[in-house]
Structure formats: structure tokens, C-alpha cells
Amino acid sequence: MRWRYILYIVGILVLFLGLTMAFPLMVVMIYQDQDPGPLIGAMVATVLFGATMAIGFKSPRTEYISPREGMAIVAVGWTAVGLFGALPFFLGCSQFTFVDAFFESVSGFTTTGSSILTQIEAVPRGLLFWRSFIQWLGGMGIIVLSVAILPFLGVGGMQLYKAEVPSPVVDKLKPRIRDTAMIMWKVYALISLAEVVLLLLGGMSLYDALCHTFTTMPTGGFSTKNASVAHFDSVYIDGVITVFMILAGINFSLHYQLLRGKTLAFWRDSECRFFLVTVLALTLVVSWNIHGAVYKGIGEALRYGAFQVASIVTTTGYATADYEQWPAMAQLILLLCMFLGASAGSTGGGMKCLRIMLCFKFCYKELFGLIHPHAVTHIKIGGKTVSEDVMRSILGFLALYMGLFAFCSVLLAGLGVDFVTAFSAVAATIGNIGPGFGMVGPVENFAQIPVLGKWLLIWCMLLGRLEIYTVIILLVPEFWRK
Amino acid sequence: MKVVIVGAGEVGFHIASHLAYENKDVVVIDRNPDAIRRITENIDVQVINGSGSSPMVLEEAGIRDAEILLAVTNSDETNLVACMMANLISPSTKKLARIRQADYDRYHENFRHNAPHIDTIINPEVEVVKTIESLLSVPGAVDVGEFANGRVKFVGVRLDRDAGLHGGRLSELSSRIGKQAPLIAAVVRDEELIIPRGTDRLMEGDLVYFISEEDKLSDALQVFNKRSRQLKRALIVGGGRIGFRLATRLELKNIHTKIVEKNPLRCKELAENLNKTVVLHGDGSDQGLLNEENIRDMDAVITLTNDEETNILVSLLAKRLGGRKTITKISKFSYFPLMTTIGLERVVSPRLSAINTILQHIRRGKVLSAISIKGEKAEVMEAIALETSDIVNRPLKQVSFPKGALLTGIIRQDAVFIPSGESIVLPGDRIIIFAQRQAIPKIEKILSVKLEYF
Numbered sequence: 026m027r028w029r030y031i032l033y034i035v036g037i038l039v040l041f042l043g044l045t046m047a048f049p050l051m052v053v054m055i056y057q058d059q060d061p062g063p064l065i066g067a068m069v070a071t072v073l074f075g076a077t078m079a080i081g082f083k084s085p086r087t088e089y090i091s092p093r094e095g096m097a098i099v100a101v102g103w104t105a106v107g108l109f110g111a112l113p114f115f116l117g118c119s120q121f122t123f124v125d126a127f128f129e130s131v132s133g134f135t136t137t138g139s140s141i142l143t144q145i146e147a148v149p150r151g152l153l154f155w156r157s158f159i160q161w162l163g164g165m166g167i168i169v170l171s172v173a174i175l176p177f178l179g180v181g182g183m184q185l186y187k188a189e190v191p192s193p194v195v196d197k198l199k200p201r202i203r204d205t206a207m208i209m210w211k212v213y214a215l216i217s218l219a220e221v222v223l224l225l226l227g228g229m230s231l232y233d234a235l236c237h238t239f240t241t242m243p244t245g246g247f248s249t250k251n252a253s254v255a256h257f258d259s260v261y262i263d264g265v266i267t268v269f270m271i272l273a274g275i276n277f278s279l280h281y282q283l284l285r286g287k288t289l290a291f292w293r294d295s296e297c298r299f300f301l302v303t304v305l306a307l308t309l310v311v312s313w314n315i316h317g318a319v320y321k322g323i324g325e326a327l328r329y330g331a332f333q334v335a336s337i338v339t340t341t342g343y344a345t346a347d348y349e350q351w352p353a354m355a356q357l358i359l360l361l362c363m364f365l366g367a368s369a370g371s372t373g374g375g376m377k378c379l380r381i382m383l384c385f386k387f388c389y390k391e392l393f394g395l396i397h398p399h400a401v402t403h404i405k406i407g408g409k410t411v412s413e414d415v416m417r418s419i420l421g422f423l424a425l426y427m428g429l430f431a432f433c434s435v436l437l438a439g440l441g442v443d444f445v446t447a448f449s450a451v452a453a454t455i456g457n458i459g460p461g462f463g464m465v466g467p468v469e470n471f472a473q474i475p476v477l478g479k480w481l482l483i484w485c486m487l488l489g490r491l492e493i494y495t496v497i498i499l500l501v502p503e504f505w506r507k
Numbered sequence: 009m010k011v012v013i014v015g016a017g018e019v020g021f022h023i024a025s026h027l028a029y030e031n032k033d034v035v036v037i038d039r040n041p042d043a044i045r046r047i048t049e050n051i052d053v054q055v056i057n058g059s060g061s062s063p064m065v066l067e068e069a070g071i072r073d074a075e076i077l078l079a080v081t082n083s084d085e086t087n088l089v090a091c092m093m094a095n096l097i098s099p100s101t102k103k104l105a106r107i108r109q110a111d112y113d114r115y116h117e118n119f120r121h122n123a124p125h126i127d128t129i130i131n132p133e134v135e136v137v138k139t140i141e142s143l144l145s146v147p148g149a150v151d152v153g154e155f156a157n158g159r160v161k162f163v164g165v166r167l168d169r170d171a172g173l174h175g176g177r178l179s180e181l182s183s184r185i186g187k188q189a190p191l192i193a194a195v196v197r198d199e200e201l202i203i204p205r206g207t208d209r210l211m212e213g214d215l216v217y218f219i220s221e222e223d224k225l226s227d228a229l230q231v232f233n234k235r236s237r238q239l240k241r242a243l244i245v246g247g248g249r250i251g252f253r254l255a256t257r258l259e260l261k262n263i264h265t266k267i268v269e270k271n272p273l274r275c276k277e278l279a280e281n282l283n284k285t286v287v288l289h290g291d292g293s294d295q296g297l298l299n300e301e302n303i304r305d306m307d308a309v310i311t312l313t314n315d316e317e318t319n320i321l322v323s324l325l326a327k328r329l330g331g332r333k334t335i336t337k338i339s340k341f342s343y344f345p346l347m348t349t350i351g352l353e354r355v356v357s358p359r360l361s362a363i364n365t366i367l368q369h370i371r372r373g374k375v376l377s378a379i380s381i382k383g384e385k386a387e388v389m390e391a392i393a394l395e396t397s398d399i400v401n402r403p404l405k406q407v408s409f410p411k412g413a414l415l416t417g418i419i420r421q422d423a424v425f426i427p428s429g430e431s432i433v434l435p436g437d438r439i440i441i442f443a444q445r446q447a448i449p450k451i452e453k454i455l456s457v458k459l460e461y462f
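Order-wise, the sequence lines are chains A and B.
For our numbering, count along the first sequence from 1 and bump the result up by 25.
For our numbering, count along the second sequence from 1 and bump the result up by 8.
None of these hints come from the bench; they were simulated from the model.
For each residue, glycine too, the CB sits at the ideal point set by N, CA and C.
Careful, some of the hints might be misleading.
Said to hold, decoys possible - Only some residues are given here: those of chain A computed to face chain B with a beta carbon under 10 Å:
1. P92
2. I202
3. D204
Could you put the whole structure together from the sequences, leaning on the hints where they help?
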């Protein structure tokens, strides 16, 4: 473990984050609704700190980063970025205590969307912009972005990329990891642009359109309004956001293929097919369940049903309705959606459809083996055999996910939080969704969680975004042995 | 530039890492998932798990927009079929194949002009035999490369104490020895490669690389206190394909050769096909046999069995028993750094030879040959200076040469000279450049044609 080198890279990441603070500063300059002093202070502090680290730990360019070092860079890097991303909140607005600012910032970068803000609209626009913008950065990944634009990472970029991208297997679209990362970001930016234009056509202001795009595409879920997307109360906007949430929940390499003219790309991919069919089926069931009970018209039931299912299953976490008023079945389906999550290689969180699908296939294979004890079977996906290694890592992941979920919810309940809240708050943060049930439901927020609970949930969000292994491995004693 | 490599063995792996380091787009195809995993964990290239001879896999690898296809699997047949399919799908792709069986030797020209249109056929065994021959012919050399059809030699020697050169600055070298000193291109010290300046000093135990014309080579070697002695007797351990090829070459040079082979059937074959060589049946690691055959009088012992551990042990044994020069065949690259430590300096590797041959065909611009030296940290290239290149027609001190690269020789018509800051490279000259790995992409840019000429 070359700690010097790890800290050097982390320093560069922090420096880089500091530079992006110029964007909210521009917003402050335009709207003039806030003293730019604190924001400038945060930016200067971040840039200076990053630069000092990068210069202080300056290391020669290396060709090789070991998997261990890669994970350390990503885990430490994300924590550092979360910490410095909190500075503008902490300095710029009196609503934030330190832990609240850190919570909000990590919730942003990990694209969770859980908030501690009670009065969102009271926060200056520059800060709200920063809150949305960090979700956009975190969605495709700050490390992926650095791999794409910082040439010095070279070959080692692969290890970092693997540690950050939420997928059991990495699709390399181009021979070089740098080009692959670049393509991912370009596709991401292009779809974001399309959403901004469509939202503008729906009558949103440029500011709101940008902020909501920055939180839809990474499946983040922060809104600039107290009432979230319900504030706009427009069928068109609900529709556009629903479609883009689903798009963001699809593997981005499929978007790339689609853009290159392979029109059937979505349908040919078995995970994507599974995801789309599931979303459609759950939407129909939920809409049927809430039709009559909450909403009179079929159209209305479909509108809110589809939006809420898409919002939860892709782990975005916007709300257009208080789903806690819905019948139990609809609520349970939404709760299960929190675990299901979006596709691998998308910006969404959760366990990911691919893993669930493979888990089902694995169970079927076991049953099949009981019936035909001599059968030689392979688990296949899209006609290709899934290797034992991948399968093992997936089963390990699912076990760890459920284990950590159970452990953290018991811990949170131990801090005096009620049953439903403890259960759903952990599910909502570890799955990077945002709102849960009970005290942290769609019309409430995380302000009431005790301070220690907030630290726990911050850790859960990082766990979820970096797909467990990268974070949890730091706690394994073997990792620290020389 | 996109390169598709079929076969992720040692050769495929090392070529891929070379090229990836130079920021080329590389796609590697192999059937073995373990080989594929080794690549993904170490090199930034795209990998495809599949058979390289399958047209579907080749298409998936993007053969249509690939500039070069390298077929370097262990199977000659797979390599041929891969080239054939690539020729059908994408005729413009340049094809290089490794073909080892001697049976194909006569058909190399056919492969080039007819169906598969393989641009270059690499037979590493032939290359290895060439390398062994030059190592045998240059006294004291631990590494030898040839340029300009052998007229210029690139030699690495170990600096001994009795040469009396250690401690002096390079700029004082000529005055110290009283005549023009050979140009020292690089020094390897403690596994680190240094491109020396005039103020650098040589140290005892350095591996010194220099460039010299062939007819001045013995003078140059004398500077390093390496005197030539005629090679009269050689012992080859291992009568495989390389051993046989080498024995036939040595017979032609009237060198008294003995060859030891374990397999009695193979011994018979060798005895039938070789005329003057003494074929011995036995185990090369048998001390009794080596003593019986007067190993202490051998000028050279060459170990070429298929088992590298045996080769290493036999070479060490031969050294201990008094053999003068040993040449050891090694395939595993991870052993290379260890060889100097255990005292075996002269090492050949069919795979390294294959890599060298492939490299010279991949280099952009008019590169005639390229040799990668110890540990692959640097390369020596011979190239033709094009009229359109940046380096011609002005004094060298005005040329912005990348860091870590050195122009070590200019060959104009028949003359070879060592350049100074005032020298001017003319279009059509052949130049020899020594470059560290990170400087290679820039060198390629300098050597290739400027864009505005298209």
C-alpha cells in the first residue's frame, strides 16, 4: 500500500472538486440572493487543501495500481469529497449543523437524495444548485470523470473504475479505460441535455430544469421545492421525468449502443428487458391497487403509480404523492422496489436487477440439480455463461447487503428510532433511494434522526453507492496487513 | 492506431502491454479465461474471450478498422486461420503471424503473396538462433543487436574492474583511453536504465550499451578489456528445434560442436541429420557426463532444453565446472531480472525475439528494425529519416528531441558516424535512436510524416 500515492490522488480529486464550485458561484452571481463570501471561502479552502495534498504527497506516475490501492483511493476519495462538498452548506446556510451538512453532501454525491432540510425553498439558490450539481457529479462517478479527463491515471485507471462503477462486471466499450470513461460521461451529458430541453418546453425555468435534470439523470432525487416534483403539478413534467428516470436506470453502455444505431439494443439485453418488464408490471399492479382507493380516475392512478414506481425502483426518490396514504400492497411493493434497484451499469442504486436475476437463475439451477443430479448446467445470461467467480461475488454481495441492512437497522432502532423508520431509513440510504417510510416518508425528512444515526446513515449511503465491497473491505483487518 | 492481438500468452501479453503503454487501442482475443483475466488485471486493453480464428469474434474485436492483426497463439494453424479470416473480412489490415513449424518454412513466400496475405511471418526460433550466433561472435557481450544489415552493432557489455574505466566521467573517456571512444548509449545500473550525459560517471559492474561499426567492433571491445578469442568448441544441451538449427549453423562455421539430448529417438534423428556434430545421449545436468566431455575446455555452453529450470541449473553447473561462456534459454519473463543476480548474463528467449520482430513492424514511420533491451524499459530503433520529418536538414541541437531519447548513430550511404550537436541529418539517412519507453510515442511522431504533407 503506497499511502503517499493514494493521498496524492485523493488530493487531486479534492482540488478538482474545489474547481467545480465555480458553478454554484456563478448561480450566486446571477441571482444575487446570497452573500458569495462563504461560497468563495469554501472554494478557496477546498482548492488550497487539495493542492497542498497533491503537492505535498506528489508521487511519480506509476503504471500499476493494485486492486487494494484502487479500493483505498476510491473509498478515501469519496469520503474526502463528501467532506469538502459539505463546506458550502456548512458555511453558507444557518440551517446546517456540521453533521447535517456532511449528511446532505454525502446524500448528494451518492445520489441518495435523503435530505435534512425542512424548508428547502428558504435555502439560497446557489446552494440548492450545488446540492443538485453534486448529485450529477456523483451519478456517473467522480472517479470515472477523473479517469476520463486526467491523463495521469493511465493503466491504473482500470482498478479505480472497477471500484466505483456499480456493476458486477465492467463493460469495456473501448480498448482504453480512459476512452470508455469518456464515452460514459458523454452519453450521460447528452441525455441530460435532452432532458433539460424537454423540461424547458414544459414551462420550467432554466434554473429548475437544470437542477431537476441534475438530480434525475443520476437517479438522485433532490428537488429545489419543498413539495418535490409535485410542486409543478403538470402531467407533462411528470411524464418527462418518469421517462428519464427509467432511462437513467438502464445500463449506459446500452444507451451508447442505441446512439450508435443499434435500435434493438434495449430489447436484446436480458437485464434491460427484465428491468423494463418489471417496471411496467409493478406500475400496473400499483395503479390498480391505488385506483379507487386514493385516485378516482384511471389516468390519475396511472400517472402517480408510474411516477412513484419509477422513482423508487430506479432509486431516484422524487415524490409526487404521499405514498404513505396508499393501500398496504402498494406500499409494500414500493418497499421491495427499494431493494430491487435499477440495472447494473446505470446510475441507479439498490441490489441491481442483474444480481437479482442471476440469483433467481442460481436458485433454479439448484432445484434443477435436485431433479437431475447428474446434469451439467451453467448459468447463462444473454447466451453467455456467467463464470463461477462472478456468481460467487454476486451471492456474496447479496448476503452482505442483507446482513448490513439488518445490522444497521437494528443499530438505528437502538438509537431510539421507531420500527418502520429505522427499517426504511436504512433501506432508503443503503439503496441510495432517498425517502423511506414513517418519520422519513416522502413528505418528511431526515432532520429528526439522532446525530449518531445520521453518521450511521452517511456510512450506509457510501456503502450503497460503492457497492459494499469497496467500503466494507477497509474494515477487514487483512486489508491493513502488509 | 488499433491493433488486434490473437493469443494472450507471453508474447501476446508483452506486446499488448508495450502497445497499451504507448496509448494505442489494443484488443486481445484468447480462448482461455485465465489468460484473459491476467490481461484485464494488468493492462489497459479490451479483451474478448473467444477463439481468434472465428470470424464472428474477429468482427466483434473490430477487425474492420484495425490497422494490424497479430496472430501469436501457440498453434500455427490457429494463427493461419485467423489471418485468413481477417484477410476475407478486412483485406487492408496488416497481418503478422507467428509460425514456428519448420515444415512451413518453404511456404512463407506463398503465404505472403497468396491467399492469407500475411505481411510478416515471425519464426522466433530462427531469430533466437541468430541472437545466439551474434552473442557467440562478440566477445564479452551480454546483449547484441544488429542494424543496417549487420554493419552496425549495438552491444551491451559488463564493465569489469580490470578495464580501468570506472569512476571516470564520460566526457573524459576519450582522453583517458587515448583514442576516439565508442558512443555509450545507455547504462543499466541496479536494474535502472540511465541515458548518460557527459558528466555522468561509469561504475564497476555497470551494464554498458554502445554502438559501433562492425569493423571497429574489436577496437571498441578492447576499450572495455574484452578481447576476442576464437570460438572453437561448443556444447549444446537440448536437441530440440532450436538446438538442431544452431548445430547446423555452427557446423557451417567449422566449430567443433557437441549436442546432448535426453530422448534416444531424437538422438537418432539428430545423428542422421547432422554430419560433423557429435550427438550425445544423456542428461545435460549429469555432472559425470559433462566432465567426461571436457566441459572445462568448451568455449561456449548453450542450454536449450524445453525446461527452463533445467537450463538455468545446467548453465550454472557448466560455469562451475569451468565452461567459459554460457547462453541460457529462458521463456518466463519473470525470471529475467533474476538472471544477473545468479550470474547468468547471456540469456535468450524465443518470445523476446518474437516481440522484437513484431515491434519493428508496428512502429510508425519508416522504422527498419527495433530491439527492446533488458526488461523492456527501452528500445533501439533504426529508421529512415524522411524528407518530411522534423529532424532533417537542421543541426541536431535545434531539434527538440524528447527527454529519454538519444540519437546514437547516422548511417549515410556506407559511412556510419556518431552525431554531435552540429551534425545534420539528411533525408534518406538511416538513423539509430535509443529511446526509453515513455519517449517512444514522441519519437514515432518525429519519425513519421508531418500531417500537412497529406
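Ascending list of hint numbers which this structure does not respect: none
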